[in-house]
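Number of protein chains: 4
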Amino acid sequence: VSDNQHILDELYQVILSRREAAPDSSYTASLLQGNLDKVLKKVGEEATEVVIAGKGGDKEQLVYESADLCYHLLVLLAARDLPPEMVWNELRRRFGVSGLTEKASRTTAT
Amino acid sequence: VSDNQHILDELYQVILSRREAAPDSSYTASLLQGNLDKVLKKVGEEATEVVIAGKGGDKEQLVYESADLCYHLLVLLAARDLPPEMVWNELRRRFGVSGLTEKASRTTAT
Amino acid sequence: VSDNQHILDELYQVILSRREAAPDSSYTASLLQGNLDKVLKKVGEEATEVVIAGKGGDKEQLVYESADLCYHLLVLLAARDLPPEMVWNELRRRFGVSGLTEKASRTTAT
Amino acid sequence: VSDNQHILDELYQVILSRREAAPDSSYTASLLQGNLDKVLKKVGEEATEVVIAGKGGDKEQLVYESADLCYHLLVLLAARDLPPEMVWNELRRRFGVSGLTEKASRTTAT
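Chains as they are written, first to last, in the working numbering: chain F, 1 to 110; chain B, 1 to 110; chain P, 1 to 110; chain D, 1 to 110.
Read the hints as simulated data drawn from the structure, not as lab findings.
Fair warning: there could be bad hints in the mix.
[Stated by the list, open to error] Looking from chain D toward chain B, a few residues come up when the C-beta cut is under 8 Å (computed): (1) 35; (2) 37; (3) 41; (4) 44; (5) 45; (6) 49; (7) 52; (8) 86.
[What the hints assert, rightly or not] Okay, derived cross-link-like pairs now, DSS-like style, lysine-lysine, Cα gap no bigger than 30 Å in a straight line: (9) P/59 to F/59; (10) P/38 to B/41; (11) B/41 to F/41; (12) F/38 to B/38; (13) F/38 to B/41; (14) P/38 to D/59; (15) B/59 to B/41; (16) F/59 to B/59; (17) D/59 to F/59; (18) B/59 to D/38; (19) P/41 to F/41; (20) D/38 to D/59; (21) P/38 to P/59; (22) P/38 to F/59; (23) D/59 to D/41; (24) B/38 to B/59; (25) P/59 to P/41; (26) B/38 to P/41; (27) F/41 to F/59; (28) F/59 to F/38; (29) B/59 to P/41.
[As the list claims (entries may be wrong)] If you anchor each label on the Cβ, the simulated ranges turn out as follows: (30) F/33 to B/4: 31 to 37 Å; (31) P/30 to B/14: 50 to 56 Å; (32) B/33 to F/57: 17 to 23 Å; (33) B/22 to D/27: 27 to 33 Å; (34) P/19 to D/81: 17 to 23 Å; (35) F/13 to P/5: 38 to 44 Å; (36) B/23 to D/34: 16 to 22 Å; (37) B/16 to F/13: 25 to 31 Å.
Cβ coordinates follow ideal geometry from the N, Cα and C atoms, glycine included.
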């Protein structure tokens, strides 16, 4: 079940599910079925908007642009057939949070 | 307890905890205690590296750079006193996943 | 007379001349009369396209995107009331080409 | 003679001349002899700094970062064996300034 799933992981599943959708009915489908450059361009574009919003000081705008950036990063990962779990694992590895320990404690907690 | 926490939310807590650390002992501390421009610059820089890696086709590099980007985005949110939960809520709002429903189902599941 | 003017300096004059034009008849006017963020966003966007084209290896595309970036950088300078000559002077200062010497030799040459 | 040469064209010649220099004595040489990704990364990085400076309002900083961006764009063109003249021609083509007419009027002027 997905009830404990983080929104980013859930969103990634939504993105994957739209892979085969009609591109004119789904923005995600149009990105995934189009040229990869378009996805890359969006990642750069949204990062620029995060930077502008971060510099400007409008917090609501920063939240909005950060959401845009996260979504397009997930689309890029999907376009490259990479599950976000690989990114989470890389972060766990760097910051000393063991996925194994985490899973174990989760089992205990349930 | 944090055992169900997503690595990004956990990492955000780690970032907050380093806010007051000695900047020469913690990269995160040096970012948070320095000029905001440095954080913004890192976000733009890491996004560029994601784009280069995405274009290049080295999947391991793309994972690595995506982790870098996520980390620096969290540092920017911390520098602006914004909990990542606000970004997750924005994504839930857009993609029709109700946080309320989610919470409810989670309660049911436990 | 402008006959010895570099295209970038000439283009900057064109940009300035469109400042007061009707925004729906001139893209430059729409940029200069709109929010500065839009100009900043275009600079970041075009830089990302330069990076993608540079990585990809299509030389024609790299030329095209570089032209886009130069144009939008000039628009940004115009939006901030900065003549590009200030950027050229900064480059001369760094790379040891004296503007004075240059002007002198130019006078000699004519 | 180069006395009428624009600083950007002159700088491009300087960049080419450093191609074979010892990388530890010349930053340009280190960029041109290293991985292309490093050059691409610098272009993205400097563009981000232009955006930050443009948003921030410090004109001196914007001039400085614009110079950085122009220099690294020229290094990228050099790394791809593209003379900047191709970019200038693309801009002339778009903005209706004929290179031929220009050359003719220059001849007349001399």
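Given the hint that residue 59 of chain P pairs with residue 41 of chain P, does the C-alpha gap stay at or below 30 Å?
-> Holds - the C-alpha atoms of residue 41 of chain P and residue 59 of chain P are around 24 Å apart, at most 30 Å.
Do the alpha carbons of residue 41 of chain P and residue 41 of chain F lie within 30 Å of each other, as the hint requires?
-> Holds - the C-alpha atoms of residue 41 of chain F and residue 41 of chain P are around 12 Å apart, at most 30 Å.
Interface hint for residue 45 of chain D, Cβ within 8 Å of any Cβ on chain B = Holds, because the Cβ-Cβ distance from residue 45 of chain D to chain B comes to roughly 5 Å (cut-off 8 Å).
Between residue 38 of chain D and residue 59 of chain D, is the straight-line Cα distance small enough, at 30 Å or below?
-> Roughly 27 Å separates the two Cα atoms, so the pair holds.
When the least beta-carbon distance from residue 49 of chain D to chain B is tested against 8 Å, hint result = 6 Å, holds
Is the shortest C-beta separation between residue 44 of chain D and chain B less than 8 Å?
-> 3 Å, holds
30 Å Cα cutoff - pair residue 38 of chain P, residue 59 of chain F | Since the Cα atoms of residue 38 of chain P and residue 59 of chain F sit roughly 18 Å apart, the hinted pair holds (cutoff 30 Å).
Does residue 41 of chain B pair with residue 41 of chain F here, judged by a C-alpha cut-off of 30 Å?
-> 18 Å, holds
Status of the hint placing residue 35 of chain D at chain B (closest C-beta pair under 8 Å) = With a closest approach of 10 Å, the residue 35 of chain D hint is violated.
Is it true that residue 13 of chain F and residue 5 of chain P lie within 38 to 44 Å of each other by Cβ?
-> 57 Å, violated
Do the alpha carbons of residue 59 of chain F and residue 38 of chain F lie within 30 Å of each other, as the hint requires?
-> 27 Å, holds
Given the hinted pair residue 38 of chain P and residue 59 of chain P, is their alpha-carbon gap at most 30 Å?
-> 27 Å, holds
Of the numbered hints stated above, those contradicted by the structure are hints 1, 8, 9, 16, 31, 34, 35, 36, listed in ascending order.
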